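Asks: Now for the letters of each chain:
There are 2 protein chains.
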Amino acid sequence: MVAQMNEEGTMPTISAERPVVTLINVFDVEPERQQDLVELLVEATDKTMRHLPGFVSASIHQSLDARRVANYAQWRSTEDFKRMLQNPEAQDHMNRATKVASAEPNLYHVVSVHE
Amino acid sequence: MVAQMNEEGTMPTISAERPVVTLINVFDVEPERQQDLVELLVEATDKTMRHLPGFVSASIHQSLDARRVANYAQWRSTEDFKRMLQNPEAQDHMNRATKVASAEPNLYHVVSVHE
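So the protein lines, in turn, are chains A and B. For the first sequence, the positions run 768 to 882 when the numbering used here is used. For the second sequence, the positions run 768 to 882 when the numbering used here is used.
Since the hints were made in silico from the structure, they are not lab data. Among these hints, one or two may not hold up.
Copies of one chain are not kept apart here, so a pair can be met inside one copy or by any two copies together.
[What the hints assert, rightly or not] Below are the SDA-like pairs computed for lysine to any residue, each with C-alpha atoms no more than 25 Å apart in a straight line: (1) Lys814 to Ala864; (2) Lys866 to Arg843; (3) Lys866 to Thr777; (4) Lys849 to Asp832; (5) Lys866 to Pro786; (6) Lys866 to Glu784.
Here the structure is a predicted model, which means the values were calculated and not measured.
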């Protein structure tokens with residue numbers, strides 16, 4: 768799987784100063800379906816999510832124990848995120864994901880960053 | 768809560784190319800304890816974690832519904848992460864956190880980034 772960068776070659780950054788909301792969605796998945804779920808989320812992001820208003824970034828993670836997939840996604844605002852939830856194409860992708868895994872999506876603000 | 772930046776003022780970045788392991792630890796917490804847990808994790812990171820070998824970054828997130836806190840942390844390697852788990856000071860901080868919240872820590876690799 769290759770990282771998709773935008774034209775400037777930048778990467779998502781994490782900052783408590785940046786006015787974004789962060790979706791952290793952790794999926795529980797059977798190890799033999801982990802790769803399918805990764806591909807499904809990559810396709811959903813590439814075909815639909817990234818074209819929707821307010822999309823900032825999405826980073827798909829696979830757990831080393833093969834039992835989880837996590838999506839760390841940034842949206843411009845809670846309103847943009849909620850509008851995405853109403854989008855029929857996005858709903859179709861989300862329904863396909865929840866057929867192979869149980870999702871635990873939550874919205875967050877970054878409060879403290881340490882390096 | 769103010770973002771802690773390093774001397775160069777950089778921010779954690781997410782990349783599938785970067786050789787780090789990512790800990791995503793989602794804590795379930797009673798809303799009235801959310802702020803305590805955030806402060807506990809900030810203190811643990813500041814006093815102990817960031818001084819340990821292989822620490823790259825930690826970003827503390829609080830959920831908008833007040834029922835979750837998430838730590839998105841990057842370590843140089845799984846070995847460094849496991850060594851941290853054996854550190855008595857780190858164990859002390861983790862024990863204090865699990866007294867106020869249930870933790871769900873998992874290690875990940877970033878597989879795909881979209882902007």
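Asks: Given a CA cutoff of 25 Å, do lysine 866 and glutamate 784 count as a within-copy pair, a between-copy pair, both, or neither?
Replies: neither (36 Å within a copy, 30 Å between copies)
Asks: Can you tell me if lysine 814 and alanine 864 fall within 25 Å by alpha carbon in one copy, between copies, both or neither?
Replies: within (15 Å within a copy, 40 Å between copies)
Asks: For the identical chains here, do lysine 866 and arginine 843 meet the 25 Å Cα criterion within one copy, between copies, both, or neither?
Replies: For lysine 866 and arginine 843, the Cα distance exceeds 25 Å both inside one copy (28 Å) and across copies (34 Å).
Asks: If the cutoff is 25 Å on CA atoms, where do lysine 849 and aspartate 832 land: within, between, both or neither? Let me know, please.
Replies: between (32 Å within a copy, 14 Å between copies)
Asks: Cα distance capped at 25 Å. Does lysine 866 pair with threonine 777 within a copy, between copies, both, or neither?
Replies: neither (33 Å within a copy, 39 Å between copies)
Asks: If the cut is 25 Å between Cα atoms, do lysine 866 and proline 786 qualify within a copy, between copies, both or neither?
Replies: neither (33 Å within a copy, 32 Å between copies)
In this structure, the earlier hints numbered 2, 3, 5, 6 are contradicted, and the remaining ones agree with it.
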